[in-house]
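Asks: Protein chains in written order, with the numbering used here: chain A, 1 to 342; chain B, 1 to 261.
Since the hints were derived computationally from the structure, they do not count as laboratory data. Some hints here could point you the wrong way.
Said to hold, decoys possible - Here are the simulated lysine-lysine pairs, DSSO-like style, with alpha carbons at most 30 Å apart:
#1 B:K76 - A:K9
#2 B:K149 - A:K311
#3 B:K217 - B:K127
#4 A:K333 - B:K205
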Amino acid sequence: MFTKFPALKFILLAAVLAYPLVPFTDYYVLHVAVLTMVYMILAMGLNVVPGFTGLLDLGFVGFYGIGAYTAGILSLSYGLSFWLILPMAVLAGAFVGMLRGAPTLRLSGDYFAIVTFGFTELVVLFLTNEIWLTRGPLGMPGIPPVEIDLRWLHAGWRYVFTGETPYYYLALILVALVYAIMLRVENSRLGRAWLAIREDPLAAASCGVNLMLFKTVAFAFSAAIGALAGCLMARWSMFLSPDIFKFWESFLVLCMLVLGGLGNVNGAIVGAVILICLGEVLRIVLPKLGLPAETRFLVYGLIMIFIMRFKPAGFMPHVAGCSFVGRRARELKARLEAERAG
Amino acid sequence: MDAILKVDGVSKRFGGLMALSDVSFEIRPGRIMGLIGPNGAGKTTMFNCIAGIYTPTDGRILLNQEGRALEVNGSKPERMTQLGVARTFQNIRLFGSLTVLDNVRIGRHCRTGQGFWGAVLRTRAQKAEEALLIEQSLEYLDFVGLKGKALDIATSLSYGDQRRLEIARAMASGPKLLLLDEPAAGMNPQETASLVDLIHAILEKGITVVLIEHDMKLVMKICEHLVVLDHGVMIAEGGPRDIRENPQVIEAYLGRGAAHA
C-alpha cells in the first residue's frame, strides 16, 4: 500500500501529528490514542523475545509492572522528575530482565513459557504483598503528572502536563523512538543473531553466535522497553495497582503480536491499534446488546482462532525474516540484476 | 605439531552406547580427508566432538594454533568457529525463512563485532562494517555460484543449492578447517560433479576439508586420505587404494565372508 502511494505515509503522519490541535478533537479519542501508543511500545518490546529469538514469553507484563512501580515509587517518595526516572526505570527493567535470564537461558519451548508465566505471577504477588514499598492492594494514587521544569534556566519556564494532548505527543515521541531503535537493531549483527537463534539454535551456535550472551541481551532489551512503557503509563494514569499487571495483560500484548505477525515491528503497531480500538468499541456495543462488557474477552479469543485458522502468519507476515527490506534491498536487487544482464 | 587437528584417543559414550571408542587420527593441512563407515559408525558423532557440540567422554582433541597444540575438547561450538573450524550439517540446517544473503551474513558473525549501541546509533564503524559485510557475503555467494539468488528466501532454493548455501555460510566464518557432513547426499550426478569442483576450489583457498560421504565413487575420487569407522572403532586408515583392498573395511560394509568371496 505504501509502496504504491508513497505520499500516503506522510498524509497519515501529518494527520496523527495534527489531530489533537484540530477543533473537533475528542478527549476520549485522545485518551484511547495514548493507551494505544502505550500498548504499541509494549508490543514492540515483547516482539524482541518471541518474535526475534523465537522464545514464547508469557511473562512480559512483569517488566511493565516493574517499570511502572519504579516510576511510581521514585516519583512519590523522592519526587524525581519524569526525565530522570525514565532512564532509571529502563535500567531497572533491563536488570530484572537479565536476572530472569538466569533460570530461563537454557530453556526453550513450553518450559520457557511456563517459567516466564511464573515470573509475572511473582511480580504481581510481590506488588500485592510488599505493602511497605508498594502499598499493596490499596494501590498507588497521586503520582504527579509529567512536567518540564526549566526554571533553572529561566524564571517561570515550567510546564505541567495537563489533559491528554501533551501526553499524546510524549507517547508519540516515545513510540517513534522505540520504533526507530527496533528497526535499526533488527537490521544489524545483533538482530540477525537473534533471528538465527529463532531459526535454528544449533546452526546459530555453529556460525559463532554465543547463544547465552545474545539471549541475555534480548531479554534485557525487551524488558527495558516494557519498563519504558510502564514508566510512561505510571505518570500518565497517575494511579497504579497490582491488578493492572495481571497475566491477562501479557496475553493481550501477545495477541497483538500474533495478530500483526510475530517478528514484525510494523505488525506489532498494527496489532496494538486493532485490539485496543476493538476493545473500546466492544465496551460500548456489548452492553447495548445486553451482554456484560467482559464478553469482549470472548471476542478476542474468537479473533485468535480465526487468525490461526486463516492467516497463521498474521496480517503482516514477515516475508524476508529481517533486515533486507526497503531502500537498501531494492538497491542491491537492482545491482544484482544489472550484473546478471551485463 | 604439523597436523591441523589431532584426535587423540577420543571416546564418546551415550549411556550404555559407546558411539566412539578410542579413535585417534590426524588431519593434515591442505588436503581432503574422508571419514567413512557404514550407517551408525559414529562419523557424525566424531564431527560433533570436533565442532564442539559434544564433549568427548575420554581423550583429547588438539587444534593447531600457530604451530602449538591447543586442547579444545569441551569448547563450545561458537568458540570452535572462532578458532577456525566450520561445518555443514547432514540434514540441512539453514536459517529457512531468512534470505540467502542473511544466511551468509550470519555465517560471518564471529568475524564481525558491532553490538547494540553501534546498531542504535548507526556509528560510522557500524555502517562501514555492514557495507563491507555485504560485499564479503556476496563474494562467498559468488564463490558457490549463488550470487544471483542473494535476496531469495533460503528454503526456496533447490536442494543442491541449499547444500551449496550451507557451504557458503560455513566458508563465511573464515575457517582453516571445513567439516562437510554428507555434502553430496540427495544430489544428482551433475550437482555432484560441480560439488567436486567446488571442494577443489575450497582446497585451493588453503582450507583443509574433511568430509563424511556415502558416495564411494566420490570419496575414492577426491580424498587423499581416508579414516574408516565401524561401530565407533577406527578399523582402517590410509589412501583410497589401500582402503579399497582392506579386508576389514570390506567386511564392515558387506559382511563377514565377503572379503574372501
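Asks: Against this structure, judge whether each hint is valid.
Replies: Each hint tested on the structure:
no.	hint	verdict
1	B:K76 - A:K9	47 Å, violated
2	B:K149 - A:K311	28 Å, holds
3	B:K217 - B:K127	47 Å, violated
4	A:K333 - B:K205	28 Å, holds
Of the hints listed earlier, those the structure fails to meet are numbers 1, 3, in rising order.
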